[in-house]
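Model the placement of chains B, C and D on the given structure of chain A, informed by the hints.
Number of protein chains: 4
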Amino acid sequence: MSFAKKEYDFLKEIGLGPHNLGCYVNGAWKGSGPIVSSVNPANNQAIAEVSEASTQDYEEGMQACFEAAKTWVQIPAPRRGEIVRKIGDALRAELQHLGRLVSLEMGKILAEGIGEVQEIIDMCDFAVGLSRQLNGSVIPSERPNHMMLEMWNPLGIVGVITAFNFPCAVLGWNACIALVCGNCVVWKGAPTTPLITIAMTRIVAGVLEKNNLPGAIFTSFCGGAEIGQAIAKDTRIPLVSFTGSSKVGLMVQNTVNERFGKCLLELSGNNAIIVMDDADIQLAVRSVLFAAVGTAGQRCTTCRRLLLHESIYQKVLDQLLEVYKQVKIGDPLQKGTLLGPLHTRAARENFEKGIEGGKILTGGSVIESEGNFVQPTIIEISPNADVVKEELFAPVLYVLKFQTLKEAIEINNSVPQGLSSSIFSRKPEVIFKWIGPQGSDCGIVNVNIPTNGAEIGGAFGGEKATGGGREAGSDSWKQYMRRSTCTINYGNELPLAQGINFG
Amino acid sequence: MSFAKKEYDFLKEIGLGPHNLGCYVNGAWKGSGPIVSSVNPANNQAIAEVSEASTQDYEEGMQACFEAAKTWVQIPAPRRGEIVRKIGDALRAELQHLGRLVSLEMGKILAEGIGEVQEIIDMCDFAVGLSRQLNGSVIPSERPNHMMLEMWNPLGIVGVITAFNFPCAVLGWNACIALVCGNCVVWKGAPTTPLITIAMTRIVAGVLEKNNLPGAIFTSFCGGAEIGQAIAKDTRIPLVSFTGSSKVGLMVQNTVNERFGKCLLELSGNNAIIVMDDADIQLAVRSVLFAAVGTAGQRCTTCRRLLLHESIYQKVLDQLLEVYKQVKIGDPLQKGTLLGPLHTRAARENFEKGIEGGKILTGGSVIESEGNFVQPTIIEISPNADVVKEELFAPVLYVLKFQTLKEAIEINNSVPQGLSSSIFSRKPEVIFKWIGPQGSDCGIVNVNIPTNGAEIGGAFGGEKATGGGREAGSDSWKQYMRRSTCTINYGNELPLAQGINFG
Amino acid sequence: MSFAKKEYDFLKEIGLGPHNLGCYVNGAWKGSGPIVSSVNPANNQAIAEVSEASTQDYEEGMQACFEAAKTWVQIPAPRRGEIVRKIGDALRAELQHLGRLVSLEMGKILAEGIGEVQEIIDMCDFAVGLSRQLNGSVIPSERPNHMMLEMWNPLGIVGVITAFNFPCAVLGWNACIALVCGNCVVWKGAPTTPLITIAMTRIVAGVLEKNNLPGAIFTSFCGGAEIGQAIAKDTRIPLVSFTGSSKVGLMVQNTVNERFGKCLLELSGNNAIIVMDDADIQLAVRSVLFAAVGTAGQRCTTCRRLLLHESIYQKVLDQLLEVYKQVKIGDPLQKGTLLGPLHTRAARENFEKGIEGGKILTGGSVIESEGNFVQPTIIEISPNADVVKEELFAPVLYVLKFQTLKEAIEINNSVPQGLSSSIFSRKPEVIFKWIGPQGSDCGIVNVNIPTNGAEIGGAFGGEKATGGGREAGSDSWKQYMRRSTCTINYGNELPLAQGINFG
Amino acid sequence: MSFAKKEYDFLKEIGLGPHNLGCYVNGAWKGSGPIVSSVNPANNQAIAEVSEASTQDYEEGMQACFEAAKTWVQIPAPRRGEIVRKIGDALRAELQHLGRLVSLEMGKILAEGIGEVQEIIDMCDFAVGLSRQLNGSVIPSERPNHMMLEMWNPLGIVGVITAFNFPCAVLGWNACIALVCGNCVVWKGAPTTPLITIAMTRIVAGVLEKNNLPGAIFTSFCGGAEIGQAIAKDTRIPLVSFTGSSKVGLMVQNTVNERFGKCLLELSGNNAIIVMDDADIQLAVRSVLFAAVGTAGQRCTTCRRLLLHESIYQKVLDQLLEVYKQVKIGDPLQKGTLLGPLHTRAARENFEKGIEGGKILTGGSVIESEGNFVQPTIIEISPNADVVKEELFAPVLYVLKFQTLKEAIEINNSVPQGLSSSIFSRKPEVIFKWIGPQGSDCGIVNVNIPTNGAEIGGAFGGEKATGGGREAGSDSWKQYMRRSTCTINYGNELPLAQGINFG
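Residue numbers (this note's numbering), protein chains in the order written: chain A, 360 to 862; chain B, 360 to 862; chain C, 360 to 862; chain D, 360 to 862.
The hints are simulated quantities; they were obtained by calculation from the structure and are not laboratory data.
Any given hint might turn out to be false.
Heads up, the list lumps identical chains together, so a pair's fine if it works in one copy or across two of them.
[What the hints assert, rightly or not] Taking lysine-lysine pairs in the DSBU-like style, the calculated list, with each CA pair at most 35 Å apart, reads:
1. K569 / K765
2. K569 / K786
3. K674 / K694
4. K760 / K712
5. K445 / K765
6. K760 / K429
7. K429 / K786
8. K606 / K837
With the rest of the complex left out, here is chain A:
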């Protein structure tokens, strides 16, 4: 059997065919749920079919995973790191194919598709080093012949629910860390990117098999809300890492809390770039272009609000309108394309809602074609307009004017979300105020770079309606482990803390 189009043949190289089983359960592939088609957003035609998970598949997978956790938890962390290193090498070998698939199925341009896979490879390398540094502490005890330790132990199983916009990188952030920390991973990929879910899972599964480890250490499901809810409710999963909208995230959190589980939430962003009067305007304009148009505005770190100081308002706008004209729209796999399609037909409709209520400076229309293309759009609007308070996944940029730094920071902080933010300025007093207690209230606070494009060495995530989780670098790994404060008395006496005498 062969693919509908010859250009999809590269998918065979990474183990995909016209029809695919969408669950990796107990080390075997199956899929007894609904059959769905993966669709190319550039033309809305099917790429291939996938059998999703049924609830039986889920339960079978979870039982195996729960058993596998008993094995995985006992393998020393540096040995687990060696497995993750091999996953990184396997990804490296398939970087081009996987990047191409990301571009094809999600719709982002090829450079970004490859960049996304590269990010997982970087995460693997990082996690390997981490596998010898998941350090606890030896804390001085106030009692003689006592030793106080802070120990970090695995949670057991980490559930990872990811979104279409980063169909594999977010899995990478979570899984690399979760695995070296000693957890099994249960992954539900986005319903509209099942081929990526399967291809990524194949890579991991291959490494597990070659190393004679239970495949159930990495359990993966293509599926929709039903599987997502099953994960949220499952008491065998102490931690659920969820990436998606604030609304759904809150529901997941309530469900998980109800059973006293933990959540790691990466929810909506509504990210502003502030351009001060002294900014390097060329740098700012290039950054805004990448931040607002890149990934067709579908990154959680996409710049949605551009705050311009009144003194350079027109100058920046003029330059921006100029570069917007030159943005090449089209097939994301084609060289030179900067703006691919939106991921779904529905997203096109949201685009149309998102441009209501302001003055369109450029763009503003959907593009009639088979695909989900829209024009890159800039809209002049009041900071108080309703649409400005919400996340819109489209290349729509709201432009606002301000007079003082204080005012700009207030506008930046005035939305419910708190993910990313940037300022362009060359003044230390501005820069340090911006990153300080009275500055941006976001989790990512940049200076002279766009809101998007985070490095893995730092912690990624945001505050307020963005959910408060942190992934990738810094001490994000602590979220994937449970901490215990251990006091060991190795003497023969029983002195009490705070010098209390009892009996």
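The following block gives chains B, C and D in isolation, referenced to the frame of chain A:
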């Protein structure tokens, strides 16, 4: 006007009288809500009256606090540390009186009352050091001429809702850290311990005044559920630290999450002590006595379940029954008393429910008197009995028998709560298994000491239904701050992460 | 018996008299070595007499100290912290008197004398917090059933040899940390500031006595090179912390290394301030004044070289010459004085050598008087002149001109010493280059503040001929402890690292 | 031209021939110094010839290295990590050949030869992770509008002088960390293992070339004391990492200190294993065998002293004598061999000196053959015998008897060296005392494993005459960087630390 009893006259020394205003709002004392009586649990007679907060008081206090936060956040952390140092010195000067008040109003024995205040003093000293160590990170960037910083900034205001059993220490854990981190504190003490709330607040208020700082930096309310709900709903309070039952904690969490705030939860414990066949039995028996009878079983770290290896089951029980006989019950302020009253009449009733379904080995009765006294009680019961799964705030100990370490750990981990746990053994393979990935799933994992009596240098808190929060030492301070990952481009180029080229 | 001058009577308040025993040995005061006079540098008249240590005193003191170490090492760190807290409180009670004594005997102005004592108090507070945070690590082992710990244990005894310019603060930096780390301290103060040595020791001794601890935990000697050499050679002292010249420091280091001991060296500085073309000139001028004239140029962080960008060269110089004119020279205890005497007659002679070879722009003369006063001096000179490469302890500032940042950094780095350095600029690219890999090679790298006036929260010390040691904050405490990497096998197997099979 | 023996032909695979140039200078191979032969210690016949470095080669290499440092320092750390990752992969591809060469030229058995190369690969993986974690700190400043940073910058060039016993692993420990930290590396391998030096250098050089980086980033010399001294004296090399004897190490240190450079010393060990009365004797015996006989006793962590509790003295000895009998001596490349030759003829003579003064229980003779074989030897001796105080590189074990733990620890600590130590016991009070302040004074303090065989995640090195350096894991990387405490004033005021007013 004078107190009903002469023995309460010491309260004047710490600013209390027969009638007291229960709110410290914008640097002044008021209280336009209901008037309540503080009751001595040893005789159920009133000690003094308190005017609680009305919702107007609350709103007035919060507005002032919100303004004060703008001042406090700008004071350098080491200067904030100096204020906390002075609070510590002011407490030190009143240690005996405050400890006596804790014993009087809460009902714990005097040594424990003084120990509780000492713990706040220790926390002050710890926080002073911390005020120069709230360190962020400088992280190597993958991009030339870029600097990556992880910054920690204050949240603004921290709400603290505390419970009767540690009517001031829990405030101390939270407030000392919250204050050096740059946050104002809004405190609602337990409804049944208003005098302690007022006395503690007076100490803090005095220091703020002497240092010409807005009193609203520390805003304090006596009050009940209405004030608690107001805190949970208040968007001006990014973090709510709640100590109490799992049931109420879950409600608070839902309310706070709904507005995308954060919670720090210290909820129920259901703590086991495991005694292995090789244990130092004398040490174990003394520990169980302190852990099960201390504070009349009303600590969240109280030992509620005693797991005995079958080979030493009878021996330990015999010794324990022997020491239980000698426990002196009575006025907690009297020298020699080990077991004071339960805090309320209602707690006596819960005691009676909590002893159903098992075989009473000793105790089992309430003591007829004016106060809320009950007998220290040991009950032989199945690990699967319903009462064994729930927290009971009373000196009731369930005794269970086991055969293997694996079985003992399974019983330990089989309850919804995950706060504290202890094992008594002298074998390294037992000790290290117990604190490792397959050991206790609690936040506190002790060896050869009781479940209670934590040192402030470690992180205090627990997993699962205990809520996951961590207070006091280690890096608990991070919960009181917001983290931002800052990337500063100080060059003229715009290299992108993961080596992406865009445009 | 009374003091020669009535104005010295305040010394009685801190336990000093006209004649004083200069050794605190095994908890008692003695001094069987030479009798020396402490001299007031403002008039070169004796303040009081001191009996210095003989080598017998030394040996007696060290034997007691060696015994006391066995006790001190076993006291839990937080308990040691409590002792240091009490030392801080005792100093706080005598702040004014001690500060006055520092000003009188050393010659620095009163504000600086009090500031020096305040710094020890700050260090005590910092060390108290540290006493619960001297954390080791739990490191993941690659072998099953193995636990890897990094433990930090006390060294035993730390020898501290201090210099006249900070006659007590440097002791404070070392002793506060050394004590909480579990070490006894052996102190030899500067030969010319014995009264401060005695007064400081009295404070510490008082606290030890009140807490029933062996006085020998803190052993203190007034004395000269003979006692210094004894410390350097003494195998009972694993760490010698030495503050002084690079020349003597190198000798101490060789002696200590020979016996495989460790050194913590704080040696010469030769510190530059760079003023860029965009600098806030008023800020720069005030900073240079404090850095070059403060403490009469006798701080190790004193600014000795002023590097001015050619475009603002004359402007800065003009303003500087203007403020130099207003510097009030005189009795350091008098209000308004900014420049007191040099510490010794010999220092006056060094001053005269240090001004050879350049063009005197202001000052340049010693002031005829009883005291050791000299004029604050600015000299225009080539960066290659010999005197520019050496540390001079006098208020002499060499002015140099540069054209580019690169050139300025090269001049900054061209001296053998590497202690402190500052730049004045408002450009991020300058600031971040300055603190980066191609910037200043010093241990202290400031921006828009003077070279002197370090905060205790950071690590203090410098590179190259400055000796490489670090005192006060950050992880400086690690130098006062020995580290051990501990691997504990609690299983029954013997797996080897790197997967080696043997036998 | 071909090798003398066909069995050496595998050397061609890793770029070696019968004659080899021994310097990698400015990206090219040369060698204008003396021609030396590499000798197989199993038969004392030449393997191949090497042209060593002349002093001109050295100077040429250092000039190029100094220039290359300017490039390397500017490459972001994670990019440097990527280079180290590729070095690791290149080593992985040649693991078998390189391991075989180590075994052939050094004389250790093949499993250990391969293990040594594996250790470098592990170090590469570790260093890659580290390249994103070389974190500085953001420290709270006590002054408003000030920011305090602790920055870590590269030193520039690190000199590495290694010894024959780990002819490449020690280079790996140093170079992996030094490179990611931003330093160029200058390596002088041991004079008797030049082929390994060349083969390792080829691997690194190949990676640098393929990535278009200056070869001089890694500069390597075969040579003897003359080159070693040149490194020690060279002011272009801020840090010299030296591995070798305490005697030579002290000389290197004096030379480096004289020019105010830094040393990282890994010197002699004299390591004891203590077997307590409750030990698992089988585990202890197997550990002693590996620790005393492995690498023919030529590890710095080799067990040289066996301290047996009197109650199990004879039992342990009997078992040990039994296993010693079974040790297969012979060609280290042959399967089954446990004891290969000593590295040199001279080492055989030292062996004979080292067995004087005690009672030979087994072994004691050199084995007449072409190679440098000796018998594995156990000697009963007094702890005060002179030979017991010195490091001997041979499979000679001194057995001593003790009665109490205290006595055993005193003997353990009674030698000048302080590298490694182990205890065998199952009692927590023994284990925790052993690793605590009154326990072993060594840098490596093991429990129930041998003295040798460290994991890379911990810090490797020792105290006292062992030199105090730390390599590999934990925060050892800090030694390869310079630290600066940076205070940035971004406001317009000039507040001073410690609240001082000046002028």
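* **Hints violated by the structure (numbers, ascending)** => 2
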